[in-house]
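J.: Take a look at the letters that make up each chain.
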Amino acid sequence: GAVVSQHPSWVICKSGTSVKIECRSLDFQATTMFWYRQFPKQSLMLMATSNEGSKATYEQGVEKDKFLINHASLTLSTLTVTSAHPEDSSFYICSARGSSGFDSPLHFGNGTRLTVT
Amino acid sequence: GENVEQHPSTLSVQEGDSAVIKCTYSDSASNYFPWYKQELGKRPQLIIDIRSNVGEKKDQRIAVTLNKTAKHFSLHITETQPEDSAVYFCAANFGNEKLTFGTGTRLTIIP
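So the protein sequences, as listed, match chains A and B.
If you're matching positions, the first sequence starts at -7 in the working numbering and goes up one per residue.
If you're matching positions, the second sequence starts at 48 in the working numbering and goes up one per residue.
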């Protein structure tokens, strides 16, 4: 149980274009999902908390107008990188908890490797 | 603030020996401490976790210990095997729904 699916696995786009990444909880409902970014050989940095039916909560230093998050249903959250630039190239991973309670594990999607040329 | 420190950043261990990775956290309100294993280009996978009401937890060759007074927790891998080679991340919640991750340890098992 607690499977999180992320799509696409990788994407290459040109500078200035936008890219949408989807995160789905396949066998459970997730009122909250988390979006992380990971640069090569670095840790997972939380970008934002996605809340179903309400606005996302962004971490300090993350531009909300650049990284648009939509959590329209209990099983789907999307991250759109708008006007992408080479410095946005990174590994983006979503996650969700399969059960309630802050002391339960996060389950991660497969991640999306974004390359902006 | 929310901070998790992890040491060492790299660790090489002879196959069959034990590996220990240590983390410290800043908020005494933290009550959940998972460990994740991440292979190159793949998603982090939960390998073990511990809650604040427990001092130690073991699952076959993997164990985690927690010292709430000192605010540190450790991952212990015994009888290491080549497939244990990966990057390991500790994490802690800070009394809320978010998890903050340590900086990671690249573990290499030498055959």
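It should be emphasised that the hints constitute simulated quantities derived from the structure, not laboratory data.
One thing to keep in mind: the hints can contain errors.
For lysine-lysine, the following DSS-like pairs were computed, each having C-alpha atoms within a straight-line distance of at most 25 Å [said to hold, decoys possible]:
#1 A:K47 <-> B:K84
#2 B:K69 <-> A:K33
#3 B:K84 <-> A:K58
#4 B:K89 <-> A:K33
#5 B:K104 <-> B:K145
#6 B:K89 <-> A:K12
#7 B:K69 <-> A:K12
#8 A:K33 <-> B:K115
#9 A:K33 <-> B:K104
From the structure, some residues in chain B lie toward chain A, with a derived Cβ separation under 10 Å [stated by the list, open to error]:
#10 G88
#11 Q92
#12 R98
Computed far set for chain B versus chain A, every beta-carbon distance over 10 Å [unchecked claim]:
#13 H119
#14 S121
#15 E130
No experiment lies behind these values; they were computed from the predicted model shown.
Glycine included, each C-beta is placed from N, C-alpha and C at the ideal position.
J.: Now look at each hint and say whether the structure bears it out.
T.: Okay, the hints, checked on the actual structure:
1. Proposed proximity of A:K47 and B:K84 is contradicted: the alpha carbons are some 31 Å apart, above 25 Å.
2. Only pairs whose Cα atoms come within 25 Å are accepted, and B:K69 paired with A:K33 is accepted, the gap being roughly 19 Å.
3. At most 25 Å may separate the alpha-carbon atoms for a hinted pair to count; B:K84 and A:K58 exceed this at roughly 30 Å.
4. Annotation: proposed proximity of B:K89 to A:K33 holds, straight-line Cα distance about 13 Å (limit 25 Å).
5. At most 25 Å may separate the alpha-carbon atoms for a hinted pair to count; B:K104 and B:K145 meet this at roughly 22 Å.
6. Distance hint between B:K89 and A:K12 is fulfilled; the C-alpha atoms sit about 20 Å from each other, no more than 25 Å.
7. Between B:K69 and A:K12, the direct Cα distance comes to roughly 37 Å. Violation of the 25 Å bound is thereby established for this hinted pair.
8. Our distance criterion of 25 Å between C-alpha atoms is broken by A:K33 and B:K115, whose separation comes to about 29 Å.
9. About 29 Å separates the Cα atoms of A:K33 and B:K104, which puts this hinted pair outside 25 Å; it is violated.
10. Against a cut-off of 10 Å between C-beta atoms, the interface hint on B:G88 holds, since the closest Cβ of chain A lies about 8 Å away.
11. At a threshold of 10 Å, the smallest CB-CB gap from B:Q92 to chain A is about 8 Å, leaving the interface hint in force.
12. Annotation: interface hint on B:R98 holds; nearest CB of chain A at approximately 5 Å, less than 10 Å.
13. No beta-carbon of chain A is positioned within 10 Å of the beta-carbon of B:H119; the least distance is around 18 Å.
14. The claim that B:S121 lies off the interface holds: its Cβ sits roughly 18 Å from the closest Cβ of chain A, which is beyond the 10 Å cut-off.
15. Every Cβ of chain A is farther than 10 Å from the Cβ of B:E130; the closest lies at roughly 19 Å, confirming the non-interface assignment.
The structure does not agree with the numbered hints 1, 3, 7, 8 and 9 stated previously, though it agrees with the rest.
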